[in-house]
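J.: What follows is each chain in one-letter form.
4 protein chains.
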Amino acid sequence: MSLKQHVHDLLAVSADGDFHSRAVDLGILGLIFLNVVALTLETVAPIHALYPAAFAWFERISLIIFTIEYVLRLWSCTADARYRGPVLGRLRFVFTPLAIIDLLAILPLFLPLLGLDLRFMRIVRLLRFFRLAKLFRYSRALRLLGRVVLGKREELASICIVLITLLVIAASLMYFVEHDDQPDKFSSIPQTMWWGVITLTTVGYGDYYPVTGAGKFIAACIAVLGIGMFALPAGLLGAGFVDELQKSRGDRHCPHCGERLED
Amino acid sequence: MSLKQHVHDLLAVSADGDFHSRAVDLGILGLIFLNVVALTLETVAPIHALYPAAFAWFERISLIIFTIEYVLRLWSCTADARYRGPVLGRLRFVFTPLAIIDLLAILPLFLPLLGLDLRFMRIVRLLRFFRLAKLFRYSRALRLLGRVVLGKREELASICIVLITLLVIAASLMYFVEHDDQPDKFSSIPQTMWWGVITLTTVGYGDYYPVTGAGKFIAACIAVLGIGMFALPAGLLGAGFVDELQKSRGDRHCPHCGERLED
Amino acid sequence: MSLKQHVHDLLAVSADGDFHSRAVDLGILGLIFLNVVALTLETVAPIHALYPAAFAWFERISLIIFTIEYVLRLWSCTADARYRGPVLGRLRFVFTPLAIIDLLAILPLFLPLLGLDLRFMRIVRLLRFFRLAKLFRYSRALRLLGRVVLGKREELASICIVLITLLVIAASLMYFVEHDDQPDKFSSIPQTMWWGVITLTTVGYGDYYPVTGAGKFIAACIAVLGIGMFALPAGLLGAGFVDELQKSRGDRHCPHCGERLED
Amino acid sequence: MSLKQHVHDLLAVSADGDFHSRAVDLGILGLIFLNVVALTLETVAPIHALYPAAFAWFERISLIIFTIEYVLRLWSCTADARYRGPVLGRLRFVFTPLAIIDLLAILPLFLPLLGLDLRFMRIVRLLRFFRLAKLFRYSRALRLLGRVVLGKREELASICIVLITLLVIAASLMYFVEHDDQPDKFSSIPQTMWWGVITLTTVGYGDYYPVTGAGKFIAACIAVLGIGMFALPAGLLGAGFVDELQKSRGDRHCPHCGERLED
Chain B
1 MSLKQHVHDL LAVSADGDFH SRAVDLGILG LIFLNVVALT LETVAPIHAL YPAAFAWFER
61 ISLIIFTIEY VLRLWSCTAD ARYRGPVLGR LRFVFTPLAI IDLLAILPLF LPLLGLDLRF
121 MRIVRLLRFF RLAKLFRYSR ALRLLGRVVL GKREELASIC IVLITLLVIA ASLMYFVEHD
181 DQPDKFSSIP QTMWWGVITL TTVGYGDYYP VTGAGKFIAA CIAVLGIGMF ALPAGLLGAG
241 FVDELQKSRG DRHCPHCGER LED
Chain Y
264 MSLKQHVHDL LAVSADGDFH SRAVDLGILG LIFLNVVALT LETVAPIHAL YPAAFAWFER
324 ISLIIFTIEY VLRLWSCTAD ARYRGPVLGR LRFVFTPLAI IDLLAILPLF LPLLGLDLRF
384 MRIVRLLRFF RLAKLFRYSR ALRLLGRVVL GKREELASIC IVLITLLVIA ASLMYFVEHD
444 DQPDKFSSIP QTMWWGVITL TTVGYGDYYP VTGAGKFIAA CIAVLGIGMF ALPAGLLGAG
504 FVDELQKSRG DRHCPHCGER LED
Chain U
527 MSLKQHVHDL LAVSADGDFH SRAVDLGILG LIFLNVVALT LETVAPIHAL YPAAFAWFER
587 ISLIIFTIEY VLRLWSCTAD ARYRGPVLGR LRFVFTPLAI IDLLAILPLF LPLLGLDLRF
647 MRIVRLLRFF RLAKLFRYSR ALRLLGRVVL GKREELASIC IVLITLLVIA ASLMYFVEHD
707 DQPDKFSSIP QTMWWGVITL TTVGYGDYYP VTGAGKFIAA CIAVLGIGMF ALPAGLLGAG
767 FVDELQKSRG DRHCPHCGER LED
Chain L
790 MSLKQHVHDL LAVSADGDFH SRAVDLGILG LIFLNVVALT LETVAPIHAL YPAAFAWFER
850 ISLIIFTIEY VLRLWSCTAD ARYRGPVLGR LRFVFTPLAI IDLLAILPLF LPLLGLDLRF
910 MRIVRLLRFF RLAKLFRYSR ALRLLGRVVL GKREELASIC IVLITLLVIA ASLMYFVEHD
970 DQPDKFSSIP QTMWWGVITL TTVGYGDYYP VTGAGKFIAA CIAVLGIGMF ALPAGLLGAG
1030 FVDELQKSRG DRHCPHCGER LED
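Chains as they are written, first to last, in my numbering: chain B, 1 to 263; chain Y, 264 to 526; chain U, 527 to 789; chain L, 790 to 1052.
Derived from the structure by calculation, the hints contain no laboratory data.
Using N, Cα and C, we set each Cβ at its ideal position, and we do this for glycine too.
Be aware that a few hints might be false.
Claimed, not checked - What follows is a list of derived Cβ distance ranges for each label pair: (1) U/F559 / Y/F480: 46 to 56 angstroms; (2) U/G672 / L/S791: 46 to 56 angstroms; (3) Y/C484 / L/A845: 40 to 50 angstroms.
Said to hold, decoys possible - Covered stretches of chain U, as calculated for chain L (at least 3 residues, CB under 8 angstroms): (4) 577-583; (5) 596-607; (6) 622-633; (7) 675-685; (8) 709-716.
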């Protein structure tokens, strides 16, 4: 096996038994996790004031490691059958979602003179969190969750459409009812839609609420429909889980002849 | 096929393969969607101030198109077997729910001199949103949602009755307990029912809440019952989805003996 | 059939086809409903000011009708096999839950000189709402709900015990963490338990919330456990509904010999 | 049976029919419960002011009883096969979770001079609540709940990971969007994560909420994802309950052919 293939296998998700690759995976995921912790703590003024140099150095070291990782992936990607060509294959690789995220994550190293908000660039590094999606291959439980949710994505999208429709209708009704009494709060329909989504999801901050009788009646109806908005996906995913669990047990029998069914 | 039949088929929901009818459907749905967006943005004062003439013209053009559509539907409805008679058939058609909504939506064109709040008339045009119900025929997922919810409508109605009963009893108890301490807030039983529904649905704005010990105890009980109010429909719809998903798999045959599988 | 038996059958829940009894049932339920509406509206000061005499007369007439109904039930109850004895049978009847509720509901007619809060006595008349439980026999859907909830009452009670245990532990922790920072709000453990139940049920009024870092961490854990508090009964009742719906279809077959199972 | 064995059996969870052991169990659980009530009421200033001596004496008596119980358990544990050695066996017993909790609960009797917050030590006595876990053996319903939740612990842990990931990403986005407008509220990412968890769990106190348009859009998305955060565990536990209920019916035989039914 060539050096390029070896590097490729190291960087890829480890197959069972490949301990070096597992170590590399955990190392990179660990660094991502530490980066997120650092980014989070950096915004807490007292902590940042204590160790400004430490944060800056950790930042630079992380960027250098991520850059090395990106260059190695770019170099070794041609070992993968899907990206064989030295130029075209690499271009195809560069535009895969994970590669784009990796590139965005290391940009801050190269863009200090562009005057962009560097802190914004750092939040982009958060997108590397999506590499946690690779955990899917390690966790049977995450795979089950993913199968159930993706298996019902059409129905979940339909529920979203119903939710948005309800929201627009409710917000428009509430706007016409409450606008005169509270012109500063319910000042426009988009503003009222903010009230609508906070009520429909039963969060209920209390920054906006109706004061007229008719407004309270509409709000009560929306709140009750919010119950339905929770019940529909809960029931849908419940049925999805029941399906998946039965499939994975595969022990259904024909009631007529008693033979086992594959399903 | 006569011109009338042709127009009727164009306006009706398209059958598979009828691309002209599909285009008409999408055109009308698109115009409804744009109307809703315009109505929403019109209430945002800065945007409306920028383009008052554009909003007004879009309003008039939409109304003219919707009027033409209504007249065409009224004319061609006799091609449908259900509305065959030239006068009686058309009258029956005029009173179907979708036709009434269409009529309400174009009324603003004819009622400027009646002094009604024109903005209220425009919100009526939102009712055309219910034409989105025609999407049902295009989306297998929306049809599944519809079948499950309609299939359990008796039980859902029962849950509503239980909810309203709980609400009235809780509001009356809370009124007698909190009225003396907070006469401005819990000033009457309907007012307390507003507190009740906001707590039972766990929205919890915070505009009303008990301050006495007994009031807090009642409120705690209501909040916990609110959990049940979410659990009942969630469980019910879950069982409904399990049913429907099994039914839709139901036309399968045992690969061994060839008998039909009921489940 | 004697007059007594006839009166008994009229007052009891109607069997199918007994239209007179059905009319009596609906009449009494209608009067209860009107009473609730009147009691509710009476507390709205403007409405009460408009029609004080009307409310008072409706009150007296309702009380007279309910008293007549109670006396008739007491007289005719011996026609029922369970309360045959003229004295002992009637005593046994008087202490059944529904009879006690009926008695409490008519007490205001006889206790004006006892100086008890008459309005409190009127709220007792709300307890007649439990007669709505008789609706159970008319509504297949309410019966299904009742069977599922009662069938899982042990498990639901266990969930309540878990909820109360969580509540006490969380309130004690939060009390010790937040008491010094907010001595007026988190002034005692029972007071903190109010915060706890409002957070665990995700109502979140906003009258009490932590301000220290440790307090916010505990509150975040409680809020997340609140998700579980909703998920447990939802899943439990979902499984209960699946069971009931399968039982009522009764179409399970032995996978070995193919014969139908009663279940 | 030796005295040691006898004491051991008394203190252990009673087997069916052993009434003395049952009495000891209920006595100890009752004392734990009374301790919790006393601890709770002690924090209510008016009540504590009324009976300070009573609380103090109840405290001392409880500690003495719990100490005697601990010593007896320590002495008799060698009767249990798992802790046979006089020194090593007892050491192993001392480090079991329940024994550690028992020790922490009686420490206040021995640490008054250490200057630790005695009230904090008393809250530790709350940990004896976990002895309620012994109730599991008495309650079929609690065992069912335990089996379902523990059976799905991998998937529930995955949902927690998804929740934390969503939280971090949402909090970072919201921090960068709202920080300039509300520097006191959204002052750091950990602070914003507090907003995030309160919104994702739909508690919605209202102490923090966005005021910018972009912030409201992010908040709306988080609130809607909060619905999913409720739906996933509800559906998962629902499927778990369906499984368990079918398993518990599983030892049935077909009445026609006598074969065992798997289902």
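J.: Hint by hint, note whether the structure agrees.
T.: Comparing the hints with the structure gives:
no.: 1; hint: U/F559 / Y/F480: 46 to 56 angstroms; in the structure: violated (28 angstroms)
no.: 2; hint: U/G672 / L/S791: 46 to 56 angstroms; in the structure: holds (54 angstroms)
no.: 3; hint: Y/C484 / L/A845: 40 to 50 angstroms; in the structure: violated (34 angstroms)
no.: 4; hint: 577-583; in the structure: violated (count 0)
no.: 5; hint: 596-607; in the structure: violated (count 0)
no.: 6; hint: 622-633; in the structure: violated (count 0)
no.: 7; hint: 675-685; in the structure: holds (count 5)
no.: 8; hint: 709-716; in the structure: holds (count 4)
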